[in-house]
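Chemist: What follows is the residue order along each chain.
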Amino acid sequence: MNPIAKNSSDAPLMRVPEFGRAPLGSAAEKRLASLWETLPGWRGWLATVDHKEIGLRYIITAFVFLLIGGVEALVMRVQLARPDQALLTPEQYNQLFTMHGVTMIFLYSLPILSGFSNYLWPLLLGSRDMAFPRLNALSYWLFLFAGIFLYVSFPVGQAPNAGWFNYVPLSSLEFDTGPNIDVYALGMVLLGISTTVGSINFVVTLFRMRAPGMSINRVPIMVWGTLTASVGNLLAVPSVSLAFFLLWLDRQTGTHFFDVSNGGKPLLWQHLFWMFGHPWVYVVVLPAMGIVSDALPTFCRRPLVGYAAVALSTMATMLLGFEVWIHHMFATGLPTLALSFFGAASMVISIPSAVAVFAWIATIWLGRPVFTTPFLFFAGFVMLFVIGGVSGVMTAAVPLDFQLTDTYFVVAHLHYVLLGINVFPVVGGIYYWFPKFFGRMMDERLGKWSFWVMFTGFNIGFFPMHIAGLMGMPRRIYTYSGDMGWNTINMVTSIGAFLFAAGILIFMVNALISLKRGALAGNNPWDAATLEWSVSSPPPAYNFAVIPLIASRHPLWENRADEGAARSSLDEGYLLLQGRETLATTPLDARPDLILKMPDDSYAPFFLGLFSALMFAGLLLQWWDFAGLMAIAGGIALTAWMWPGRKQEQSASAMHSARDAEHG
Amino acid sequence: MAKLIPLQEPLPVGSYGKRSNGWWGLLTLIVTEGSLFGYLLFSYFYLAAQTQQQWPPDGLPRLAIPGINTLILLASSGFVWISEYCLKSKKIRSSIILMAVAILLGTGFIMIQLSEWNKKPYTMITDLYGSLYFTITGFHMAHVVVGIIILSLLLLWMMLGYFDDKRHVSVSIGGLYWHFVDGVWLFVFATLYLSPYL
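Residue numbers (full-length UniProt numbering), protein chains in the order written: chain H, 1 to 664; chain W, 1 to 198.
No false leads were mixed into what you were given.
Pulled a few chain W residues facing chain H out of the computed Cβ check, cut under 7 Å: (1) Pro6; (2) Leu11; (3) Arg19; (4) Leu36; (5) Gln53; (6) Tyr162.
By construction, these hints were calculated from the structure, which means they are not laboratory data. Yeah, the Cβ is synthetic: ideal placement off N, Cα and C, and Gly gets one too.
Can you make the complete structure from the sequences, with help from the hints?
Modeler: The structure is reproduced here in structure tokens:
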């Protein structure tokens with residue numbers, strides 16, 4: 001080996017990142033585009049690792065699940081609109097309410113937020129991609145396959161039917177002999193893998209992928225929300241995956257974890273489920289609250305009031321969220337001391353929540369609100385959050401909860417919380433970022449219609465449920481007798497539900513029309529403050545032509561808001577165009593730390609996801625050999641994925657020069 | 001500060017040791033996998049605390065062979081660690097040999113554990129304790145098998161000359177996973193073998 005060859009092979013291991021400009025159409029910009037663009041056609045479609053493409057897929061897929069879950073709800077509301085209806089049999093009703101819950105909670109509410117975060121994070125943080133682009137693709141494919149898996153037995157009338165929290169022994173083999181629960185159990189383990197790898201990606205992205213200068217106190221609140229939720233997922237998801245796995249073992253092999261007659265404990269299921277389930281409640285709302293914290297200030301024409309307080313309250317909520325799971329089990333006969341402790345902890349959560357609420361109200365109060373459609377959705381969200389929060393504090397009181405458990409009051413509470421804090425910010429968020437996603441504005445007039453119809457329909461539909469609950473109507477009954485005194489309330493609820501659905505329909509019509517005919521948006525139609533609005537709409541494949549240098553919390557408002565003298569550098573920055581490159585920075589101060597070599601598009605995530613799903617299908621059908629074969633196939637896909645890549649500089653330089661000699 | 005000054009000193013390029021995303025990714029994987037074992041052991045203690053049955057059904061566990069097996073597993077972790085150290089000091093040949101020894105020790109752990117399984121008078125479905133014992137040790141065994149596959153791939157890649165003193169991030173990351181698998185065994189061992197003595 002001659003010394004020159006050695007030097008040339010060692011040289012790329014250290015490098016001063018090139019600094020400069022890359023305006024649209026320049027040679028540097030063209031090179032970037034050719035490096036980052038996905039191949040056209042189905043190959044590129046299967047292999048893409050572009051976070052924007054994956055984010056949109058997440059949003060659209062999750063929205064389809066929202067529609068499916070919504071139709072299930074409407075069918076149930078027809079059944080319940082009047083007493084003694086026979087549209088559905090009890091068994092059909094069981095499957096419908098179970099699948100409605102499973103769909104909304106697992107297949108819609110987190111995935112849609114993952115979609116927003118996947119699309120927006122690198123743009124918010126000033127990076128060219130997520131930390132693990134291929135893992136990102138894997139998490140989407142697994143989500144899609146798990147969603148299909150959970151629905152696979154629905155058409156033949158064998159869907160999960162024991163409620164979304166699936167208590168044993170009702171869901172044990174003794175009382176539920178079909179494949180229904182096995183589908184649920186295996187599907188949830190599969191979905192858990194998707195959630196976990198997605199969360200890993202978010203956590204590492206936050207700590208490593210921010211533009212230089214975006215220190216930890218300058219990241220947008222939505223990033224705080226998704227980060228907190230992702231850490232929560234890493235700690236909580238194993239609990240539910242384990243619970244479902246143990247249940248599957250009980251049902252398939254005859255183990256005794258939940259088997260009462262052999263010393264198993266049904267309450268173990270409830271503990272494992274809710275140790276996951278309650279943190280999950282915050283997982284599906286904190287990123288949505290982050291959407292509001294970031295987008296609402298744009299329409300108040302001022303920065304968010306109390307940035308640090310909101311960021312800290314986000315994390316405090318999650319932390320407390322791990323210490324309240326027993327409040328789902330108040331009526332199970334646990335010791336009073338435990339009930340008191342967990343009741344008190346549940347009430348304490350109202351403190352960080354109130355901090356956020358007051359910050360939003362103060363932002364509106366001190367700003368100059370612009371009453372556009374997104375603003376309406378965000379302001380509506382604040383109101384619904386307060387109602388849902390108050391009914392939450394009510395059910396945290398143990399004696400009241402004894403009365404309200406398993407009544408429609410709880411149904412009302414959880415819908416105010418989940419629709420109020422998830423669906424309203426999400427729809428508002430789509431109105432807000434639609435121009436960034438597709439380059440066109442959504443229609444304002446239809447937008448306002450969609451808000452008011454949704455908001456009215458929602459309150460007509462769900463507020464009376466509180467009263468139905470107080471009047472003693474239990475949840476999950478498939479019909480009721482006409483002399484219970486619940487007739488009017490149920491009819492009103494059903495009308496509200498359909499009105500709400502009409503609002504969603506207007507929103508969808510608006511989206512479809514605007515996609516074709518909306519006004520062209522330009523880079524920053526709302527005159528917003530954060531980095532995603534500094535790039536074109538839709539953004540180019542490489543996101544940022546140069547990695548910007550960030551000097552404040554609101555890079556695009558530095559010239560007007562009271563931001564101090566610091567100025568971010570957006571047009572001039574690090575070029576990084578020797579292959580797919582971006583900058584890694586230090587976790588707290590965001591000082592440049594490393595030049596990252598990002599992976600190319602790859603089929604490995606698709607195949608790993610496919611083989612995993614087929615393996616679970618094999619387990620469901622008890623085709624053990626097939627399942628084993630798929631496990632091996634998945635292992636091969638994973639090995640191919642992990643093979644030390646030359647482009648990522650994961651392998652030795654000596655090998656590079658040898659290969660260069662071969663190919664060069 | 002009014003103007004941002006571009007960086008002057010060079011940065012490492014690509015996956016570089018503990019600054020690589022992969023290293024961070026594995027740390028988060030350890031957090032979530034650690035939680036999984038935490039919930040498994042929670043289930044054990046939750047059920048053990050309430051059981052009316054003889055616990056464990058065949059009396060207090062004998063410690064000699066499982067104890068030795070624990071040492072074997074820990075030794076294997078040590079060999080992986082030294083193997084990585086040798087790689088950093090450009091002793092690639094020793095690195096390969098040490099990694100091979102680590103794999104042998106890990107395989108030894110599996111063989112001994114399988115014979116332990118065979119000696120049990122109960123199975124996974126006999127009683128509650130059997131369900132717990134075989135599920136918990138089975139979970140760990142699955143991790144050991146995956147770990148051995150990873151170490152074998154690292155060995156293969158070493159022999160193919162993929163790594164040198166500067167670039168060996170896969171060894172650091174794969175090695176860390178193995179240390180986790182071995183570390184978590186101590187918790188499993190303490191729960192299944194030591195806690196009945198309390």
